[in-house]
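Novice: The opening residue of the sequence shown carries number 4 in my numbering; numbering runs sequentially from there.
Treat the hints as calculated values from the structure; they're not laboratory data.
Fair warning: this is a prediction, and the values are worked out from it, not measured in the lab.
By construction, the Cβ of each residue, glycine as well, lies at the ideal position given by its N, Cα and C atoms.
Don't take each hint at face value.
[As the list claims (entries may be wrong)] Okay, derived cross-link-like pairs now, SDA-like style, lysine to any residue, Cα gap no bigger than 25 Å in a straight line:
{"hint": "1", "residue 1": "LYS172", "residue 2": "THR10"}
{"hint": "2", "residue 1": "LYS53", "residue 2": "LYS94"}
{"hint": "3", "residue 1": "LYS94", "residue 2": "GLU139"}
{"hint": "4", "residue 1": "LYS175", "residue 2": "GLN141"}
{"hint": "5", "residue 1": "LYS175", "residue 2": "THR162"}
{"hint": "6", "residue 1": "LYS118", "residue 2": "SER136"}
{"hint": "7", "residue 1": "LYS175", "residue 2": "GLU41"}
{"hint": "8", "residue 1": "LYS82", "residue 2": "HIS38"}
{"hint": "9", "residue 1": "LYS172", "residue 2": "GLN8"}
{"hint": "10", "residue 1": "LYS123", "residue 2": "VAL51"}
{"hint": "11", "residue 1": "LYS94", "residue 2": "GLU146"}
{"hint": "12", "residue 1": "LYS94", "residue 2": "MET125"}
{"hint": "13", "residue 1": "LYS123", "residue 2": "GLU151"}
{"hint": "14", "residue 1": "LYS118", "residue 2": "ASP43"}
{"hint": "15", "residue 1": "LYS175", "residue 2": "ASP6"}
{"hint": "16", "residue 1": "LYS94", "residue 2": "GLY36"}
{"hint": "17", "residue 1": "LYS82", "residue 2": "HIS108"}
{"hint": "18", "residue 1": "LYS34", "residue 2": "GLY83"}
{"hint": "19", "residue 1": "LYS175", "residue 2": "ARG5"}
{"hint": "20", "residue 1": "LYS53", "residue 2": "THR122"}
{"hint": "21", "residue 1": "LYS172", "residue 2": "GLU127"}
{"hint": "22", "residue 1": "LYS94", "residue 2": "VAL51"}
{"hint": "23", "residue 1": "LYS94", "residue 2": "GLN141"}
{"hint": "24", "residue 1": "LYS34", "residue 2": "VAL155"}
{"hint": "25", "residue 1": "LYS175", "residue 2": "SER26"}
{"hint": "26", "residue 1": "LYS118", "residue 2": "LEU145"}
{"hint": "27", "residue 1": "LYS56", "residue 2": "MET125"}
[Claimed, not checked] Now the in silico label distances, taken between C-beta atoms and shown as ranges:
{"hint": "28", "residue 1": "ALA48", "residue 2": "THR156", "range": "30 to 38 Å"}
{"hint": "29", "residue 1": "ALA48", "residue 2": "GLY126", "range": "33 to 41 Å"}
{"hint": "30", "residue 1": "GLU139", "residue 2": "LYS175", "range": "29 to 37 Å"}
{"hint": "31", "residue 1": "ILE177", "residue 2": "ALA49", "range": "16 to 24 Å"}
{"hint": "32", "residue 1": "SER25", "residue 2": "ARG95", "range": "20 to 28 Å"}
{"hint": "33", "residue 1": "THR61", "residue 2": "ILE177", "range": "30 to 38 Å"}
{"hint": "34", "residue 1": "GLU139", "residue 2": "GLY83", "range": "37 to 45 Å"}
{"hint": "35", "residue 1": "THR156", "residue 2": "GLY36", "range": "19 to 27 Å"}
{"hint": "36", "residue 1": "ALA176", "residue 2": "ASP64", "range": "31 to 39 Å"}
{"hint": "37", "residue 1": "ASP160", "residue 2": "LYS94", "range": "22 to 30 Å"}
{"hint": "38", "residue 1": "THR10", "residue 2": "GLU99", "range": "13 to 21 Å"}
{"hint": "39", "residue 1": "ALA176", "residue 2": "GLY36", "range": "13 to 21 Å"}
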Amino acid sequence: MRDNQDTPLAIIIMGVSGSGKSSIGEGVAEKLGIHFIEGDALHPAANVEKMSKGIPLTDEDRWPWLETIGREIAASLAKGEGIAVSCSALKRVYRERLRASAGGHLYFIYLDGSKELLTKRMGERKGHFMPASLLESQLQTLEIPTGEPGVVTVDIDTTIDAIVDASVKSLKAIL
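Use the sequences and the hints to build the structure in full.
Specialist: Right, here's the structure in full:
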């Protein structure tokens with residue numbers, strides 16, 4: 004799938020931990036016929052270790068990770084291939100850095116949910132390095148992308164299939 008300027012589609016599925024970025028990203032990528040990358044897999048080992056210990060990441064921790072994600076997006080677009088990546092992208096400055104890496108051709112699906120729902124979901128996860136204790140830190144860091152270009156907001160208080168469908172429908176509406 005391509006955007007309105009005939010560029011392959013590049014999408015960040017964003018939100019705080021527990022919002023469903025990975026599951027939704029996989030579903031969206033499948034429906035759109037594009038490649039999916041799990042952004043958490045691109046974290047440097049030191050970041051994973053910090054988060055595993057319940058220590059919030061700083062901007063300095065996140066920059067190398069965001070640069071890696073940006074390179075993956077740029078490489079995919081250079082090959083003429085669409086890509087979807089899960090990435091918290093909590094601050095506008097992070098999203099701007101990612102947009103620059105994509106040459107401005109980047110869309111965001113912001114997964115929005117209540118603190119209660121996010122806490123419940125995090126408590127139900129098994130084997131994830133991110134402890135529920137870091138949710139509050141992420142919520143405090145989050146700069147909601149209201150009004151930013153190329154962003155759709157999708158409520159997560161429903162099933163994965165319904166969220167994927169709403170994400171694709173909302174995205175197609177702005178392409």
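Novice: For every hint, state whether the structure bears it out.
Specialist: Verification of the supplied hints:
1. LYS172 to THR10: Holds, at roughly 19 Å.
2. LYS53 to LYS94: Judged against 25 Å, a Cα distance of about 19 Å means the pair holds.
3. LYS94 to GLU139: holds, 15 Å
4. LYS175 to GLN141: violated, 28 Å
5. LYS175 to THR162: Holds - the C-alpha atoms of THR162 and LYS175 are around 20 Å apart, at most 25 Å.
6. LYS118 to SER136: Since the Cα atoms of LYS118 and SER136 sit roughly 12 Å apart, the hinted pair holds (cutoff 25 Å).
7. LYS175 to GLU41: Distance of about 22 Å is within 25 Å: holds.
8. LYS82 to HIS38: holds, 12 Å
9. LYS172 to GLN8: holds, 19 Å
10. LYS123 to VAL51: holds, 22 Å
11. LYS94 to GLU146: holds, 5 Å
12. LYS94 to MET125: holds, 21 Å
13. LYS123 to GLU151: violated, 29 Å
14. LYS118 to ASP43: Given pair LYS118, ASP43 holds - Cα atoms ~21 Å apart, limit 25 Å.
15. LYS175 to ASP6: Holds, because 9 Å separates the two Cα atoms, which is no more than 25 Å.
16. LYS94 to GLY36: violated, 28 Å
17. LYS82 to HIS108: Holds: LYS82 and HIS108 sit about 14 Å apart, inside 25 Å.
18. LYS34 to GLY83: holds, 18 Å
19. LYS175 to ARG5: Holds, at roughly 10 Å.
20. LYS53 to THR122: Since the Cα atoms of LYS53 and THR122 sit roughly 20 Å apart, the hinted pair holds (cutoff 25 Å).
21. LYS172 to GLU127: violated, 28 Å
22. LYS94 to VAL51: holds, 19 Å
23. LYS94 to GLN141: holds, 10 Å
24. LYS34 to VAL155: holds, 17 Å
25. LYS175 to SER26: Judged against 25 Å, a Cα distance of about 19 Å means the pair holds.
26. LYS118 to LEU145: holds, 12 Å
27. LYS56 to MET125: Within the cut-off at roughly 16 Å; holds.
28. ALA48 to THR156: 30 to 38 Å: Holds, since ALA48 and THR156 (Cβ atoms, about 33 Å apart) stay within the stated range.
29. ALA48 to GLY126: 33 to 41 Å: Given about 26 Å between the Cβ atoms, the range is violated.
30. GLU139 to LYS175: 29 to 37 Å: For GLU139 and LYS175 the Cβ distance comes to about 34 Å; the hint holds.
31. ILE177 to ALA49: 16 to 24 Å: violated, 37 Å
32. SER25 to ARG95: 20 to 28 Å: holds, 23 Å
33. THR61 to ILE177: 30 to 38 Å: Since THR61 and ILE177 have Cβ atoms about 32 Å apart, the given range 30 to 38 Å holds.
34. GLU139 to GLY83: 37 to 45 Å: Holds: the Cβ-Cβ distance is about 42 Å, inside 37 to 45 Å.
35. THR156 to GLY36: 19 to 27 Å: holds, 24 Å
36. ALA176 to ASP64: 31 to 39 Å: Hint holds: Cβ distance 35 Å, inside 31 to 39 Å.
37. ASP160 to LYS94: 22 to 30 Å: At roughly 24 Å between Cβ atoms, LYS94 and ASP160 fall inside 22 to 30 Å, so the hint holds.
38. THR10 to GLU99: 13 to 21 Å: holds, 18 Å
39. ALA176 to GLY36: 13 to 21 Å: holds, 18 Å
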